[in-house]
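Protein chains: 4
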Amino acid sequence: MTGKTRVAILGASGYTGAELVRLIARHPAMEIAVLTADRKAGQSMADVFPHLAILDLPPLVAIDDVDWDAVDAVFCALPHATTQKVIAGLPERLRVVDLSADFRLDDPAVYEKWYGLPHTETELQKQAVYGLPEFYRDKVKDARLVANTGCYVATALIPLIAILQAGLADPDWIIIDAKSGVSGAGRSAKEANLFAEISEGFHAYAVAAHRHTGEIDQELSKAAGRPVMASFTPHLLPQNRGILATTYLKGEADAIHAHLEKRFADEAFVHVLPYGKTPATRHVRGSNHCMIGVVADRQPGRTIVVSVLDNLVKGASGQAIQNMNLMLGLPETTGLEQLPLFP
Amino acid sequence: MTGKTRVAILGASGYTGAELVRLIARHPAMEIAVLTADRKAGQSMADVFPHLAILDLPPLVAIDDVDWDAVDAVFCALPHATTQKVIAGLPERLRVVDLSADFRLDDPAVYEKWYGLPHTETELQKQAVYGLPEFYRDKVKDARLVANTGCYVATALIPLIAILQAGLADPDWIIIDAKSGVSGAGRSAKEANLFAEISEGFHAYAVAAHRHTGEIDQELSKAAGRPVMASFTPHLLPQNRGILATTYLKGEADAIHAHLEKRFADEAFVHVLPYGKTPATRHVRGSNHCMIGVVADRQPGRTIVVSVLDNLVKGASGQAIQNMNLMLGLPETTGLEQLPLFP
Amino acid sequence: MTGKTRVAILGASGYTGAELVRLIARHPAMEIAVLTADRKAGQSMADVFPHLAILDLPPLVAIDDVDWDAVDAVFCALPHATTQKVIAGLPERLRVVDLSADFRLDDPAVYEKWYGLPHTETELQKQAVYGLPEFYRDKVKDARLVANTGCYVATALIPLIAILQAGLADPDWIIIDAKSGVSGAGRSAKEANLFAEISEGFHAYAVAAHRHTGEIDQELSKAAGRPVMASFTPHLLPQNRGILATTYLKGEADAIHAHLEKRFADEAFVHVLPYGKTPATRHVRGSNHCMIGVVADRQPGRTIVVSVLDNLVKGASGQAIQNMNLMLGLPETTGLEQLPLFP
Amino acid sequence: MTGKTRVAILGASGYTGAELVRLIARHPAMEIAVLTADRKAGQSMADVFPHLAILDLPPLVAIDDVDWDAVDAVFCALPHATTQKVIAGLPERLRVVDLSADFRLDDPAVYEKWYGLPHTETELQKQAVYGLPEFYRDKVKDARLVANTGCYVATALIPLIAILQAGLADPDWIIIDAKSGVSGAGRSAKEANLFAEISEGFHAYAVAAHRHTGEIDQELSKAAGRPVMASFTPHLLPQNRGILATTYLKGEADAIHAHLEKRFADEAFVHVLPYGKTPATRHVRGSNHCMIGVVADRQPGRTIVVSVLDNLVKGASGQAIQNMNLMLGLPETTGLEQLPLFP
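Chains as they are written, first to last, in the numbering used here: chain U, 1 to 343; chain L, 1 to 343; chain X, 1 to 343; chain A, 1 to 343.
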């Protein structure tokens with residue numbers, strides 16, 4: 001017996017599943033006890049992700065075949081909708097970080113609006129804690145079920161919640177122009193995500209209609225203390241990893257910058273660049289870091305905030321481990337010290 | 001004697017120069033008589049651009065060595081500042097399309113502000129016509145000197161000028177979030193533009209400070225009939241070609257869409273997509289087309305306009321040929337019928 | 001009535017289909033009369049390929065719904081196996097260029113070996129002419145059915161057939177190390193071809209087992225006048241277009257270079273670079289050109305030949321039009337003058 | 001005092017320098033005491049490599065300003081030629097791993113042939129140990145100066161030395177077709193390495209003339225026990241990291257595979273895939289691993305070996321740390337446990 005927390009990763013054949021394996025395999029206080037992938041049950045991770053062939057990992061099994069007695073904690077990286085039932089069926093004693101959207105929205109009606117399905121586990125929903133540790137750290141520590149933030153949402157909202165909480169920008173004047181790498185779309189085989197369809201090109205999608213919008217509204221409204229409806233346009237970048245959000249605000253840039261610097265001074269994973277400098281996605285690739293830049297617009301009274309993170313790490317699997325570290329009473333940065341890979 | 005217009009391309013060793021060669025070599029009414037490249041004088045285009053090795057082209061010469069008697073018209077693809085003196089020294093009878101920024105700004109003080117140098121040819125400046133044919137067609141026809149639009153500017157302003165001229169959006173509420181492929185930065189050897197620095201990453205640059213801003217203000221102000229100061233943020237995409245501008249406006253989307261459809265119905269190179277659809281840069285690659293999409297934002301009364309073009313074609317060399325066609329009394333589309341290359 | 005040849009493109013929703021449309025839409029002696037795509041019947045090309053939205057094209061229909069009276073010639077861009085039956089069912093008077101592998105192999109047993117299915121149209125097979133115009137021009141002119149070469153095969157064999165026919169290399173010592181862009185894999189939605197699976201990486205595949213090998217053996221054996229079995233390893237490049245073959249031979253480089261220069265001096269689409277220089281795929285992108293370089297190896301008596309083409313043009317759709325031009329008695333280069341697009 | 005080995009990284013502003021920082025910053029037994037970059041002296045690493053801004057690092061200084069008393073060991077990541085004099089001037093007590101080519105070649109005449117300059121430190125050269133730990137482990141342990149292998153060389157030779165030492169392939173019949181990511185070309189600003197020159201394209205370079213050839217000959221000759229001259233063709237991939245070598249041999253594939261499996265069974269960083277499977281560069285990205293595949297060619301008696309590594313890690317900085325670990329008596333894998341980053 002190692003004394004390590006034995007974790008199950010549900011949905012290990014997707015990109016966030018593989019990223020959980022990459023990070024947890026080197027985590028000093030967790031060990032991978034169970035990997036599930038219903039459609040690929042029976043295969044090895046080496047078959048599904050050859051870059052992980054060098055690890056000694058349990059085989060992929062179906063969720064129904066998991067021996068839960070061998071598990072202390074669960075990362076759930078399944079598609080939304082499927083997730084609700086799976087988590088509802090887990091033994092009560094297991095602490096869970098869910099990477100799907102299923103438990104992020106407080107209001108089941110809002111969930112139904114954006115995801116097109118009624119929420120079937122509304123009681124469980126009430127117990128879920130929103131998993132943005134920089135703002136919900138204390139609640140996460142005590143949670144049984146944490147709903148990990150969406151990747152777009154984390155990118156835009158780490159600076160924005162802080163700004164709105166401090167009353168430094170007009171809540172009615174928020175425009176988030178976001179750009180994401182392709183891995184955010186997952187590993188399912190779709191024509192639209194083929195290399196030849198994506199490379200050497202760029203486009204907006206789901207304009208004014210992206211599912212993460214509900215989550216953005218919810219958290220911005222909490223931060224502002226009143227209903228907020230932001231403009232949010234996602235775009236697809238011809239690159240694997242990274243999200244950059246360019247956010248236009250009505251507010252004073254120097255005050256915003258000064259506040260963010262102070263607000264995040266003690267955060268291990270949030271870095272505010274010197275005033276006037278802006279970050280690049282490549283500077284956080286593979287790491288759990290979020291970088292933020294603040295610039296004054298030419299228009300007096302307008303501010304441009306640029307924030308970046310790696311959608312598979314701080315936008316998904318790294319954030320999930322950060323949350324689980326909190327839930328297990330571990331230092332928040334445990335196993336997340338990887339530096340960015342550049343070039 | 002062919003009866004074709006004999007053109008000189010000044011600055012043939014850069015990307016816009018090569019693109020002029022690609023297009024003019026197949027133009028039925030122009031022939032390439034002179035190619036200059038001061039630092040590469042004496043070399044062949046096959047040395048400098050092996051993809052053009054299959055053409056029979058004149059050698060690269062220094063500008064001082066050009067026999068102007070062999071030339072009927074000039075495309076000037078030189079860096080800004082250098083350009084002014086060169087064009088001032090050309091024989092009066094030559095018609096000129098200038099691809100640099102040197103003659104785009106009506107006001108020399110604005111030029112000096114953005115480019116950091118006093119304008120030395122202010123008389124010549126007064127004769128220059130701004131080369132956006134969809135709006136200045138009649139003036140271009142009679143011009144001796146046309147100042148081809150900047151690539152970012154063309155992308156954002158083809159829809160925006162039309163919208164402001166029709167009074168369909170609030171001129172004080174314009175946010176242009178633009179993204180460009182790397183070829184827009186030219187061919188000079190800079191660390192920042194190395195493959196390893198650009199690929200698999202994305203960043204904003206010159207936030208609230210890009211030189212094209214002066215040109216944007218100038219043209220939007222003309223369109224609105226009063227001073228306009230837009231927010232403009234450029235970003236660099238990990239791809240060769242293509243610019244996409246996402247523009248946020250206060251105005252009604254359906255009215256804006258209906259107007260753009262009508263306004264551009266007879267334009268050969270401007271295509272307004274069905275309401276609610278948005279274009280991708282890859283769908284105009286290598287062609288002289290500009291595609292525009294209009295979507296209503298969730299915020300009532302706000303509209304999102306997405307426009308794309310190929311920065312080296314409609315954003316530079318194709319536009320230059322379109323202007324020259326007008327100046328020579330040719331059908332505007334002559335030699336510009338290339339279809340987009342996808343994938 | 002235009003007097004143009006009315007062509008049908010069968011399988012217009014794939015990449016080679018779209019490329020046929022791009023090229024034929026600007027072809028002065030052909031017009032697109034029919035476009036088929038069984039699974040996407042009823043859609044428009046603008047739906048399926050937005051970069052072609054600017055053209056006025058017939059709708060996609062199912063093959064069974066084609067009015068063959070409106071058609072003079074057929075380009076067949078369907079998957080192998082399916083193709084045989086479709087072509088067998090066409091009216092006799094229609095001339096056909098087939099881009100699939102179904103009629104490339106003279107020997108049905110060889111077809112069955114590599115494609116895993118018996119050939120069902122062996123009589124038709126006997127009439128088929130192998131569509132590499134640089135070597136089979138006269139036969140192509142009189143053919144009713146031309147089997148367009150495979151993309152890997154064209155790349156490697158344009159120089160190799162010429163070399164073996166001249167007896168300038170040892171037929172038992174041929175190693176072809178080939179690298180292809182991803183568009184060669186087609187547009188079907190496969191996990192292996194997702195952007196995130198391909199970008200920033202490179203691998204060999206089907207090592208010593210690729211289906212094009214049968215075609216390579218067949219043509220090299222004809223050229224050498226005795227059975228030849230080459231080593232052939234394909235690899236997948238993180239780029240859309242372009243194949244490069246590095247071929248290792250036992251033979252004298254200067255003699256090989258001199259012969260290739262002479263042999264291809266009058267070929268419009270084959271360019272032999274100066275001795276010692278080698279080409280890049282980017283220098284033929286979007287064009288129907290093949291470029292060849294020859295270098296002496298350090299090992300006395302060994303030669304390295306590097307050849308490139310665009311797999312969708314000279315490796316597929318451009319070659320098909322070149323063949324059809326021959327079949328229709330048109331100049332071979334008609335409609336194929338597009339210059340390479342770089343960068 | 002930490003008890004950690006205090007290391008200096010000479011040439012910290014290049015890619016291998018940055019990669020040394022990335023790896024050593026998390027190394028449990030080393031600490032970064034000195035960073036040099038002559039042309040960028042006075043700047044911070046955050047200026048030069050923003051992805052490292054989150055670390056607390058010493059400033060960049062000129063080599064002449066280093067206080068060597070604060071240093072226990074040196075990683076030298078300077079250009080060849082410059083390197084010789086620098087290392088010759090270091091205090092004798094410092095152990096050195098040199099990442100340049102300056103001390104890799106035993107014979108100064110061979111150095112002069114490939115690098116075009118006479119070797120000026122021939123006495124020092126005699127002390128240098130060739131830094132391929134899988135074959136020179138014992139010598140490395142005792143060395144004062146280790147000449148880290150070239151990136152192409154490590155990729156091809158890890159399998160090849162083992163094969164030739166076992167007499168399993170004909171030394172006169174070795175063809176290495178190698179493909180490298182662009183970061184191998186370093187960070188200097190050259191037109192040829194601009195994004196727009198590299199992306200969406202592929203080419204061979206330095207065909208039969210690459211500088212690593214001397215090193216390949218040297219090590220293969222030692223392995224075979226007689227002079228070996230391999231064919232070696234490098235190519236440039238449109239990706240940042242990764243080298244793949246496809247090697248054609250005369251020898252029996254099953255025997256070769258069986259031997260490699262056995263030979264590398266205890267090596268932490270060398271992985272032989274199941275017979276018939278081949279690796280991809282993306283599966284070792286960011287890690288110190290080398291993966292090897294073996295396939296029988298169709299030609300009886302010929303074998304194809306495919307090997308991959310990350311040129312900046314196992315091909316440079318990771319290998320350097322592996323060597324230094326040996327020199328310091330540390331477990332060879334210390335600080336090199338990072339898993340590959342995919343996608």
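Any given hint might turn out to be false.
Listed next, the in silico DSS-like pairs over lysine-lysine satisfying Cα-Cα at most 25 Å (straight line) [said to hold, decoys possible]:
hint : chain 1 : residue 1 : chain 2 : residue 2
1    : X       : Lys277    : A       : Lys190
2    : X       : Lys277    : L       : Lys40
3    : A       : Lys277    : X       : Lys190
4    : U       : Lys190    : X       : Lys126
5    : L       : Lys40     : A       : Lys113
6    : L       : Lys277    : U       : Lys113
7    : X       : Lys277    : A       : Lys277
8    : U       : Lys40     : A       : Lys277
9    : X       : Lys139    : X       : Lys85
10   : X       : Lys4      : X       : Lys139
11   : U       : Lys222    : U       : Lys113
12   : L       : Lys190    : A       : Lys113
13   : L       : Lys190    : L       : Lys277
14   : L       : Lys190    : A       : Lys40
15   : L       : Lys141    : L       : Lys40
16   : L       : Lys113    : U       : Lys277
17   : U       : Lys277    : A       : Lys277
18   : X       : Lys126    : X       : Lys190
Derived from the structure by calculation, the hints contain no laboratory data.
Hint check results:
no. : hint                : in the structure
1   : X:Lys277 x A:Lys190 : holds, 20 Å
2   : X:Lys277 x L:Lys40  : holds, 20 Å
3   : A:Lys277 x X:Lys190 : holds, 20 Å
4   : U:Lys190 x X:Lys126 : violated, 39 Å
5   : L:Lys40 x A:Lys113  : violated, 30 Å
6   : L:Lys277 x U:Lys113 : holds, 22 Å
7   : X:Lys277 x A:Lys277 : violated, 34 Å
8   : U:Lys40 x A:Lys277  : holds, 20 Å
9   : X:Lys139 x X:Lys85  : holds, 23 Å
10  : X:Lys4 x X:Lys139   : holds, 23 Å
11  : U:Lys222 x U:Lys113 : holds, 19 Å
12  : L:Lys190 x A:Lys113 : violated, 31 Å
13  : L:Lys190 x L:Lys277 : violated, 37 Å
14  : L:Lys190 x A:Lys40  : holds, 15 Å
15  : L:Lys141 x L:Lys40  : violated, 33 Å
16  : L:Lys113 x U:Lys277 : holds, 22 Å
17  : U:Lys277 x A:Lys277 : violated, 47 Å
18  : X:Lys126 x X:Lys190 : violated, 34 Å
Consistency note: the structure conflicts with the earlier hints numbered 4, 5, 7, 12, 13, 15, 17 and 18.
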